[in-house]
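**Q** Just so you know, the sequences run in chain order A and B. First residue of the first sequence? That's 1 in my numbering, and the numbers climb one at a time after it. First residue of the second sequence? That's 251 in my numbering, and the numbers climb one at a time after it.
Where hints are given, some of them may not hold.
[As the list claims (entries may be wrong)] Quick list of the computed label-pair ranges, beta carbon to beta carbon:
hint: 1; chain 1: A; residue 1: F26; chain 2: B; residue 2: H253; range: 23 to 29 Å
hint: 2; chain 1: A; residue 1: G162; chain 2: B; residue 2: M327; range: 28 to 34 Å
hint: 3; chain 1: B; residue 1: A259; chain 2: A; residue 2: R67; range: 25 to 31 Å
hint: 4; chain 1: B; residue 1: L296; chain 2: A; residue 2: G178; range: 40 to 46 Å
hint: 5; chain 1: B; residue 1: E270; chain 2: A; residue 2: I35; range: 54 to 60 Å
hint: 6; chain 1: A; residue 1: I35; chain 2: B; residue 2: L296; range: 30 to 36 Å
hint: 7; chain 1: B; residue 1: A457; chain 2: A; residue 2: A63; range: 26 to 32 Å
hint: 8; chain 1: B; residue 1: P362; chain 2: A; residue 2: H3; range: 46 to 52 Å
hint: 9; chain 1: B; residue 1: L296; chain 2: A; residue 2: R67; range: 48 to 54 Å
If you are wondering where the hints come from, they were derived from the structure by calculation, not from laboratory data. Beta carbons are placed, not taken as given, at the ideal position from N, Cα and C, and that holds for glycine.
Number of protein chains: 2
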Amino acid sequence: MNHLIRFKAFQQQVTLSRREICREVFTHHKKNITIKREKTLDKNLLRIFDAALTISNRKGFKAMSMRDLSRETGLSMGGLYAYFSGKEDLLEMLLRTGRTTIQRILSAHVDPVLHPVSKLRVAVQTHIFLSEVLQPWFYFSYMEARHLAPAHKAEAKAGELGTEKLFQDILEQGRSKGLFEVLDSLLTASVIKAMVQDWYVKRWKYAKRNVGVDQYASFVISCVERLCLAQSERQAHAELYAGASGTMVE
Amino acid sequence: MNHLIRFKAFQQQVTLSRREICREVFTHHKKNITIKREKTLDKNLLRIFDAALTISNRKGFKAMSMRDLSRETGLSMGGLYAYFSGKEDLLEMLLRTGRTTIQRILSAHVDPVLHPVSKLRVAVQTHIFLSEVLQPWFYFSYMEARHLAPAHKAEAKAGELGTEKLFQDILEQGRSKGLFEVLDSLLTASVIKAMVQDWYVKRWKYAKRNVGVDQYASFVISCVERLCLAQSERQAHAELYAGASGTMVE
DNA sequence: GTCTATATACGGATAGAC
DNA sequence: GTCTATCCGTATATAGAC
Numbered sequence: 001m002n003h004l005i006r007f008k009a010f011q012q013q014v015t016l017s018r019r020e021i022c023r024e025v026f027t028h029h030k031k032n033i034t035i036k037r038e039k040t041l042d043k044n045l046l047r048i049f050d051a052a053l054t055i056s057n058r059k060g061f062k063a064m065s066m067r068d069l070s071r072e073t074g075l076s077m078g079g080l081y082a083y084f085s086g087k088e089d090l091l092e093m094l095l096r097t098g099r100t101t102i103q104r105i106l107s108a109h110v111d112p113v114l115h116p117v118s119k120l121r122v123a124v125q126t127h128i129f130l131s132e133v134l135q136p137w138f139y140f141s142y143m144e145a146r147h148l149a150p151a152h153k154a155e156a157k158a159g160e161l162g163t164e165k166l167f168q169d170i171l172e173q174g175r176s177k178g179l180f181e182v183l184d185s186l187l188t189a190s191v192i193k194a195m196v197q198d199w200y201v202k203r204w205k206y207a208k209r210n211v212g213v214d215q216y217a218s219f220v221i222s223c224v225e226r227l228c229l230a231q232s233e234r235q236a237h238a239e240l241y242a243g244a245s246g247t248m249v250e
Numbered sequence: 251m252n253h254l255i256r257f258k259a260f261q262q263q264v265t266l267s268r269r270e271i272c273r274e275v276f277t278h279h280k281k282n283i284t285i286k287r288e289k290t291l292d293k294n295l296l297r298i299f300d301a302a303l304t305i306s307n308r309k310g311f312k313a314m315s316m317r318d319l320s321r322e323t324g325l326s327m328g329g330l331y332a333y334f335s336g337k338e339d340l341l342e343m344l345l346r347t348g349r350t351t352i353q354r355i356l357s358a359h360v361d362p363v364l365h366p367v368s369k370l371r372v373a374v375q376t377h378i379f380l381s382e383v384l385q386p387w388f389y390f391s392y393m394e395a396r397h398l399a400p401a402h403k404a405e406a407k408a409g410e411l412g413t414e415k416l417f418q419d420i421l422e423q424g425r426s427k428g429l430f431e432v433l434d435s436l437l438t439a440s441v442i443k444a445m446v447q448d449w450y451v452k453r454w455k456y457a458k459r460n461v462g463v464d465q466y467a468s469f470v471i472s473c474v475e476r477l478c479l480a481q482s483e484r485q486a487h488a489e490l491y492a493g494a495s496g497t498m499v500e
């Protein structure tokens with residue numbers, strides 16, 4: 001059984017969850033939010049997020065002024081402070097929201113898959129596809145997490161190590177069943193993560209080269225399998241990535 | 251013949267080149283530098299670089315104020331402007347200097363090696379070792395290049411693509427000789443670069459885990475060879491990385 | 001709930017003394 | 001060549017009108 005799907009199909013499953021994002025924000029930041037009506041809150045919060053990510057990903061969060069944000073959202077400077085208590089609070093809000101959303105969707109896709117070989121593929125593919133759907137969030141998190149206050153930075157690092165642990169666990173599970181051959185599951189998980197991250201960090205590069213997300217995902221999967229699969233398994237799966245550099249069967 | 255060395259030996263070869271760095275800066279930025287005496291220039295320029303990298307890598311270049319820089323260097327605010335015309339000029343200076351220095355040293359180590367298999371290993375190892383010696387420069391370049399003005403950003407991107415081309419050329423050279431088996435040399439070069447970069451971008455992670463630079467370099471080399479080497483070559487080299495997760499023969 | 005106007009601080013850059 | 005003192009723009013945040 002092959003759990004891999006194409007990006008288009010994946011996209012249709014996850015784009016809807018924006019409402020859920022707002023609920024998540026509210027539970028963690030209600031003390032700094034003075035807006036009462038839920039409908040107003042949701043609408044403007046999403047505008048603020050969109051605008052903040054757009055501007056920050058262009059010029060950096062620190063360089064984004066409240067005037068920029070006011071102009072881009074259509075809200076006044078004073079009005080913005082009804083949604084967060086200050087820039088630092090906004091930064092934390094954006095990073096926490098991104099982190100929890102990503103983890104939630106990732107788990108939802110990966111957890112149900114049981115066989116280590118499939119699970120590894122699904123984890124890699126879902127991570128890449130998700131980073132495509134939520135590209136601004138991923139890029140922002142990657143670039144701005146280091147500017148958090150120490151306490152919140154620790155949470156961000158824990159999240160980072162968490163997704164790495166996800167890969168590591170799959171590798172060890174597969175190794176114990178004789179499916180994988182890895183020297184060091186922790187370092188292997190690290191390089192898998194590095195390959196996966198390159199997609200959203202260096203997006204300009206792949207755009208320039210006309211490398212699409214389906215192609216990149218299947219390429220990384222082929223690399224990962226070449227790195228991890230035991231000899232016997234590699235031959236069994238060989239035909240799946242042998243010639244197909246651009247496509248992956250559904 | 252094995253061209254790989256340990257990090258300690260590598261370090262002794264390259265730490266000296268700080269003077270050369272200053273000469274490089276001067277040729278590109280003399281129009282903005284009012285200092286005449288070479289000795290004063292060199293001494294203070296290096297102080298400024300050290301300080302700017304330290305502060306920026308902690309809080310970001312944008313967040314570093316001239317007052318911060320003044321305090322850290324011991325120079326006055328006014329005095330600083332004898333070495334560069336403004337913050338933007340300083341940013342450009344730091345990035346250009348890092349880029350050219352890195353390329354110079356990388357070429358010096360990689361170019362003399364002719365056999366593709368050795369060349370690939372040396373390229374990977376040198377890149378990782380160099381990023382260890384010049385860690386603040388690499389990290390700064392990685393994080394701040396996006397804040398350059400468009401014209402200079404193009405140069406930075408070109409540099410990035412240049413080192414990737416270095417890997418790609420080695421791969422194609424080796425492929426044409428039947429030493430490597432790679433589906434897509436460009437994408438393979440990309441993921442190699444991603445693995446190499448993880449060392450200096452996520453340094454905190456490896457420090458926490460007590461993974462040293464020799465260990466990381468040899469691990470990445472083993473991954474790269476597993477990804478690239480043709481079946482025949484892989485068996486020939488198997489003993490070099492089979493059990494040794496931490497060391498690489500000199 | 002959202003706006004305009006403003007308080008207050010901090011930023012980069014420079015003028016002019018030594 | 002380097003320092004001190006200062007200019008002036010822009011930043012965040014808030015007070016109070018509507």
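**Q** Determine for every hint whether it applies to the structure shown.
**A** Okay, the hints, checked on the actual structure:
no.: 1; hint: A:F26 with B:H253: 23 to 29 Å; result: violated (58 Å)
no.: 2; hint: A:G162 with B:M327: 28 to 34 Å; result: violated (44 Å)
no.: 3; hint: B:A259 with A:R67: 25 to 31 Å; result: violated (54 Å)
no.: 4; hint: B:L296 with A:G178: 40 to 46 Å; result: violated (55 Å)
no.: 5; hint: B:E270 with A:I35: 54 to 60 Å; result: holds (58 Å)
no.: 6; hint: A:I35 with B:L296: 30 to 36 Å; result: violated (52 Å)
no.: 7; hint: B:A457 with A:A63: 26 to 32 Å; result: holds (29 Å)
no.: 8; hint: B:P362 with A:H3: 46 to 52 Å; result: holds (48 Å)
no.: 9; hint: B:L296 with A:R67: 48 to 54 Å; result: violated (38 Å)
Violation of the numbered hints given earlier is confined to hints 1, 2, 3, 4, 6, 9; the remaining hints are satisfied by the structure.
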